[in-house]
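Asks: Sequence:
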Amino acid sequence: MKLSTRARYGIHAMYDLAQNYGAQPRPLKAVAEAQAIPEAYLEQLLCTLRRAGLVSSARGAQGGYMLSRPPGEITVGQVLRALEGGLNLLECLSEEDACGKSCDCPSRKVWKRLRDGLNEIVDGITLEDMLRRDEE
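Everything in the sequence shown is counted per our numbering, starting at 1 for the first residue and increasing by one.
Derived from the structure by calculation, the hints contain no laboratory data.
Just the calculated beta-carbon pair ranges, DEER-fashion:
1) C105 <-> R6: 27 to 35 Å
2) R69 <-> Q44: 18 to 26 Å
3) E33 <-> D129: 19 to 27 Å
4) S56 <-> C105: 42 to 50 Å
5) Q44 <-> M130: 18 to 26 Å
Just so you know, even glycine gets a beta-carbon here, dropped at the ideal spot from N, CA and C.
All chains, please: the whole structure from these sequences, using the hints.
Replies: Written as structure tokens, this is what we have:
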């Protein structure tokens, strides 16, 4: 399994905003430069994250982006789902009987356990946890 660029950049951007939580809104350009993300691409990601209620924005000279909730209340799973639409490894896990064999498929149970385990892990890691890891 490989995370998309969208997911990786999104996590990096949210980490940057978490580092600056409680300060002035973070300008798009500052996040883009600090995280080495193309500015136009970052703007699309932050727009998606804003629609998901994970970030908010402020306009004007002192404008920029900020987390809409404390870092301890935002999980990696929420960020990934907002950007990817879900964490299903295969279609058959999101759509019942997508391949026509799901009732009899022995590997479907394996993929489901893997998906459930992955969801449990990313839902158990907050942005605050990521910040604390920096301090260790």
